[in-house]
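Asks: Listed below are the residues making up each chain.
There are 6 protein chains.
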Amino acid sequence: MAELTIHLNGKLVPESQATISINDSGFTLGDTVYEAARTFDGVPFKLDAHLERLYRSLAYVRINPGLSPAAMEETIREVVELNRPIIGTDFWIYIYISRGIYVDNIRHYMPATLEERPPTVVIAPKRLPFASLAQGYRNGVHAVVPSTRHTPTQCLDPKLKTCSRMHLVLAEYEAKQVDPKAWSMILDVHGNIAENKSGNVFIIKEGELFTPTTGSALAGVTRGTVLEIADDLGIPARETTLQPYHAITADEAFFTSTGYCIMPIVKVNNIPLGDGKPGPIVRKLLAGWSKRVNLDIVAQAESHAR
Amino acid sequence: MAELTIHLNGKLVPESQATISINDSGFTLGDTVYEAARTFDGVPFKLDAHLERLYRSLAYVRINPGLSPAAMEETIREVVELNRPIIGTDFWIYIYISRGIYVDNIRHYMPATLEERPPTVVIAPKRLPFASLAQGYRNGVHAVVPSTRHTPTQCLDPKLKTCSRMHLVLAEYEAKQVDPKAWSMILDVHGNIAENKSGNVFIIKEGELFTPTTGSALAGVTRGTVLEIADDLGIPARETTLQPYHAITADEAFFTSTGYCIMPIVKVNNIPLGDGKPGPIVRKLLAGWSKRVNLDIVAQAESHAR
Amino acid sequence: MAELTIHLNGKLVPESQATISINDSGFTLGDTVYEAARTFDGVPFKLDAHLERLYRSLAYVRINPGLSPAAMEETIREVVELNRPIIGTDFWIYIYISRGIYVDNIRHYMPATLEERPPTVVIAPKRLPFASLAQGYRNGVHAVVPSTRHTPTQCLDPKLKTCSRMHLVLAEYEAKQVDPKAWSMILDVHGNIAENKSGNVFIIKEGELFTPTTGSALAGVTRGTVLEIADDLGIPARETTLQPYHAITADEAFFTSTGYCIMPIVKVNNIPLGDGKPGPIVRKLLAGWSKRVNLDIVAQAESHAR
Amino acid sequence: MAELTIHLNGKLVPESQATISINDSGFTLGDTVYEAARTFDGVPFKLDAHLERLYRSLAYVRINPGLSPAAMEETIREVVELNRPIIGTDFWIYIYISRGIYVDNIRHYMPATLEERPPTVVIAPKRLPFASLAQGYRNGVHAVVPSTRHTPTQCLDPKLKTCSRMHLVLAEYEAKQVDPKAWSMILDVHGNIAENKSGNVFIIKEGELFTPTTGSALAGVTRGTVLEIADDLGIPARETTLQPYHAITADEAFFTSTGYCIMPIVKVNNIPLGDGKPGPIVRKLLAGWSKRVNLDIVAQAESHAR
Amino acid sequence: MAELTIHLNGKLVPESQATISINDSGFTLGDTVYEAARTFDGVPFKLDAHLERLYRSLAYVRINPGLSPAAMEETIREVVELNRPIIGTDFWIYIYISRGIYVDNIRHYMPATLEERPPTVVIAPKRLPFASLAQGYRNGVHAVVPSTRHTPTQCLDPKLKTCSRMHLVLAEYEAKQVDPKAWSMILDVHGNIAENKSGNVFIIKEGELFTPTTGSALAGVTRGTVLEIADDLGIPARETTLQPYHAITADEAFFTSTGYCIMPIVKVNNIPLGDGKPGPIVRKLLAGWSKRVNLDIVAQAESHAR
Amino acid sequence: MAELTIHLNGKLVPESQATISINDSGFTLGDTVYEAARTFDGVPFKLDAHLERLYRSLAYVRINPGLSPAAMEETIREVVELNRPIIGTDFWIYIYISRGIYVDNIRHYMPATLEERPPTVVIAPKRLPFASLAQGYRNGVHAVVPSTRHTPTQCLDPKLKTCSRMHLVLAEYEAKQVDPKAWSMILDVHGNIAENKSGNVFIIKEGELFTPTTGSALAGVTRGTVLEIADDLGIPARETTLQPYHAITADEAFFTSTGYCIMPIVKVNNIPLGDGKPGPIVRKLLAGWSKRVNLDIVAQAESHAR
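Chains as they are written, first to last, in our numbering: chain A, 1 to 306; chain B, 1 to 306; chain C, 1 to 306; chain D, 1 to 306; chain E, 1 to 306; chain F, 1 to 306.
Hints listed in this document are in silico derivations from the structure and should not be mistaken for laboratory results. Bear in mind that the values here come from a model prediction, so they are computed numbers and not experimental data. Incorrect hints may appear among the rest.
One copy or two, either will do: identical chains are not told apart, so a pair holds if it fits within one copy or between any two.
[As the list claims (entries may be wrong)] With a straight-line Cα cutoff of 27 Å, these simulated BS3-like cross-link-like pairs (lysine-lysine) come out:
#1 Lys267 / Lys205
#2 Lys161 / Lys11
#3 Lys205 / Lys161
#4 Lys277 / Lys11
#5 Lys277 / Lys267
Full structure from sequences and hints, please.
Replies: The following block contains the structure:
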């Protein structure tokens, strides 16, 4: 199979040659912001929203990407075009921007000079795990609440998409201890539902959608799209504070993220929701999504899964 | 100047060729643990303590390094020997171990399988910033308390030495806003002093040392050594809870870390401690350190600074 | 006076014989969920809502009641019919379901086997304290904020109706220290108003109702009914975060609970609200309630009080 | 087999007839304090310490037991003597004291009058689960950190031994989801180790014992005895704040409680401590305990287990 | 220049003679509540709202001002009239009411008798700093997040306007360390935006206004007026929880307070918002304010600044 | 009776003329630090410790008193000498230092210039309430835990002796609601015992003293002296975290403060400690204090009380 093409600091390189220095602060400090967009029928979805959020993250962490949003967008579209013949119609596009390589090794003393060095910019397509998606759409997934809590906003704000994510990996492992196929449903330090390791949580109760506010969760692009679709379908939706009680006693629930869009939750901490199968509203929302992108995303996953 | 030699996954490579894949979870997730040791007169100091802590971190985050502690130690010593002729007598040795490269790109769904892939192991010497050290030993540094708080132990325990450190970079930037030469003195979410971005904090009041417990701070190897030296010198020392009040009204204060050992603090939030110069006890401790390692560390820094 | 009839594990027994084993986990661990409904004119009010919440509690704590909701409802209605001739038209109906008796005494080691034993199911009518209610409707009650805080949701979620209620008894005692007739107004650990010991809190400011969200308070059935009545009467209402300041500076305030429906608060921490008498909106809501259940609840209480 | 004899409110009754009213506040509110002592070679161990703590709990929750400590002790010893022939040499003795039966049913309004009613006093022997103990002493147990947190002292102080324990049952269930034989290691709301569901936690690091302070944990009688034994054996011990990191990276660890005395922990969250077997210091402490009570407690458990 | 006239405990005195005893609890304990109103074209603005809040504060802290709201209002208007000829058309009016002078000096023991003494009532005009205002309206101000947090409502509720404000002075100093012209943007203990030292915070994102709820911020009269003006102008507005991320990534932002009404924020922690100049919506709101009070407040400030 | 003489900004004035401007930031912002010393047999006790703490407070809040510690001490001694003939042998000496008078009224904008103005310095003797003291020494006092919490160190550090004390007044009022003679025992936001409104808390259990650490309490000079006296008397003492449970179940307890030195607590929340009278150890400490200052402080209070 031909190799994927990666944009790395202004150059196009085959994936196997897309490497960064061990002195890159993205490796030594998790000092990177990122975005993950995906395509539907080959077209990047809501790329503008992803780019806007990327530049918000960059401003907050004070990394100058060296590219205007317009130049960034053009570059991304170029990478998409180059890889489509190899990777297939639909895939993820990841953008990583780290603070770059240290000129010398005195990082512990001179962070103020970090800005003088050029950032590291990576634009990379990644394959979507359609087989897993198909299984999830069909049977739903098991959400487990781990003991590890999400970082408070005054420490590392979950609204920032950074690559300092060790705590999320640890939380995910804890959930996997209960069930190797479980997905984490992570709480904040007050015990409110925050996120899963890279997506948002919704619950459905008496025909209404509820999702945590962005106080302790990323303002996900997919989350925003679900709120739009719910509005189109006349399903009321509210941002509020939720606890495990709300999830465990919900009629239905689901995760949202760029790659899978909407993933039904059918069990929380081994307690089944309803009859333990993806429910009517979550299926309505999945259908609404497919309509929105003019592509049956469940069928697409199923076809790749075969 | 000749290039440094890096150990990378069992191979020795010149620094410029020491690179990792953009698919390494150390880059994409900050999913790396590390240690930083240093040499005195060419000999790695307390390497056993660093290795023990490294293996504690590895166990906690469930990364199998693929090397026994003994093999790891031998490898490190080999890297030290190879680089001494190039880098000079004394330097840092960094060890980074990430969870490695994703075989496929479905990381958001299949973390349970991550253990099947080999980890990424890096052993790298780094130059010590002797000129900065000399200036600090001579004049002391300015500590500033940033608004950003350290992560609570239930989120990402500061006792783990991981490379998910974006929040520490942001805290350091905040301190640098007050004074480009300031060092951060970071609080935990309760307002107690935790650490600086990669070292511990001590204060001195009426002849006694105080340092935060490991409840919200790394159990630094240097911190431990200072406690030993204080004991040797008959200086009483206590682990306790400290707040900015304690630091601002201290007689003396200092940071500890592997690279600089002991760094006098002479000002906190622009309020000078005592007469605003490194005080008698911190200088006694620096002298105690030099005696301990049979090397005048202040003179060494001064000599390199010229 | 004839004895009341209690449903106990499938049997009907006189109240004096309705006893549980000292080995019942409801006695040894407070390991019981419950509901309290009441009748108006002999008819249980919103029994479906109470049952739905009961089964939510059961699912959350993993007790299998051994009865479907329909069978439970039928049993409750039977108990109501049997007791009406004895207790009078209107009364409380309590349902308690504990995890049952330990087969052996090794509870500290084998909780995983707890599910093998049958639960303890109690359905019991209880007399309403009409004399107290009448006095309260007439003069209002004094709310006092105790020092003891409500349990956070991550410890024991107030949305669960369990019989582990010692902290609420202690909070109530504290309020009674200030005034033997005071009712507690309990805060959560952040200082926000949560509940009273078994009911919800509402305040009224400039014609609008405010009540805490279910983040730190039970989603009371009576609370829900008051929101419906307010909507009928065109009184705007909002769920939000409230603190003692809001209660102390309110125009009016009241508690809600199944037994008394709506109880005016006329004083908070000895500071009178308005003129220190039940105000116009709370009286409007009481009238709205009476209309809703086709029974003048204030007159009923007064008539029993004579 | 002959029935055990229970003391119930001044009378001696066979266990099958030891029942309490469904109107007992111990059943309806978890409004009970308790103690659990045990015998060694037929003699209750440190009964004075248990009684002292019992009367501290009673004072705090304002229940008057109606018996002086001396009368209580005499009654307990009588129950022990009566049951020894039936239950065997060694067993638990549980004492439960609830606030008693409601004269009428208006508990939601009149708690101030609760003190007028007599309390419910239960003294009951319970069989020790020797087979489980033997297995635990031999192989150690698996500790798992649940997501549910212990109640803060300002809500329901863990130092109070009450029967409002639903949250501990829920925490234990969570641990059992990971491993049906796991024991919970419960954190407080700050993420510090508090207790297991009815015992204390110790960790051992470099030859020193560490246990949480009584800030968030019961001052266990067994815990106190272990500190005494450690002192006798010259093992240094410290009360401090501990987090899961300390447990996961400990050399050894154990739980303490009245029934099992000392129970080795060999795995935390599936991460083995040391070689995954009970370690030398925990075995030394077990031997110290046996010496203290003049009875080989491990051998006793093994003999019963056969 | 003629002296201002101050109302002091029922007398009118020149400012230089308006003094309070060193035994006044307003000096020794910060035991004072206050209000700050201002005039537009010589007329006090929303004096009724300020008086209502003043009497709420008085009730909460249990100070009896000895004057009815109507008498207070009349007195204030009298002070306004007397000073207008001297101070110019528009100015601040401060009202301070402390608990008064201690009859004897045993304050540490007998606070219960404090109410017997008369309060201290001060009504004082103060000059508006028009030059500073003009500069702020033109260029905007720099907001900096200090490390010091606002007091939680369970300690000292920010909704109370008291003169115990040392923490706000300290927070303001911290902000001034970053930039001598910076204004503090103070967080609560959870890291949510609370207030600036004496005003509220608004951010603007995609055409919508957001401001913190009164959970951790004063219900400012100016804040309320801005919400009314926004409603008039068809600008949607929401009370919610905000963090520094929201401010740093906002399109526009501003402070509100009685003196300056609306003050554009153009930079947060040195990160510029938009193009770093007061934006279109904040200018629209300023214009809306001017229209509301029939006075171009920006022009007024500019004219005084010259 | 002759008037007391007050030092006010370098001048000696009679108490009735000791006044400050209504524009003093000590009145408008509680922007004052203070100390309270007292004399024994006419000699100020530990004046050096009080001065040292005063200058720590001044440094922290950035007020320059304009007097060296030596000049301050000399001035205080002069005030003592002048007042002794009038006030009697023993009395309090209060020192207040505020940031001074605003030159103009733009305080909301220009705090950075505050330092240009001279501070307000007050040195004032105050009469000791000997009658109250005598009664307290004889019968002990009642401690009540209020709902209001002490300010966290990250908001307003209790270690700072400032005059922003409204929250302490409110807490004291709450305690007085339970019993007009009660003294508050204030908790921090975690529910740990902090202080009373202006003094420290000690409890005694099994012959050992315990007092909260300075994490949430002032490092009282009297507190320090009690620790010294306990050491002299061979009574072990420990600084630790305490909760109401520790106080309620203590053998004895007491408050400490400059004026009364040691005040026995005999009841907490209406629950008596021991036999409800001052216990043997607190009396031993009182005797130790009298010996230390060569003056029977209990007899002195009694003699004044007659």
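Asks: Looking back at the hints listed earlier, which ones does the structure fail to meet?
Replies: Structure breaks hint 4 only.
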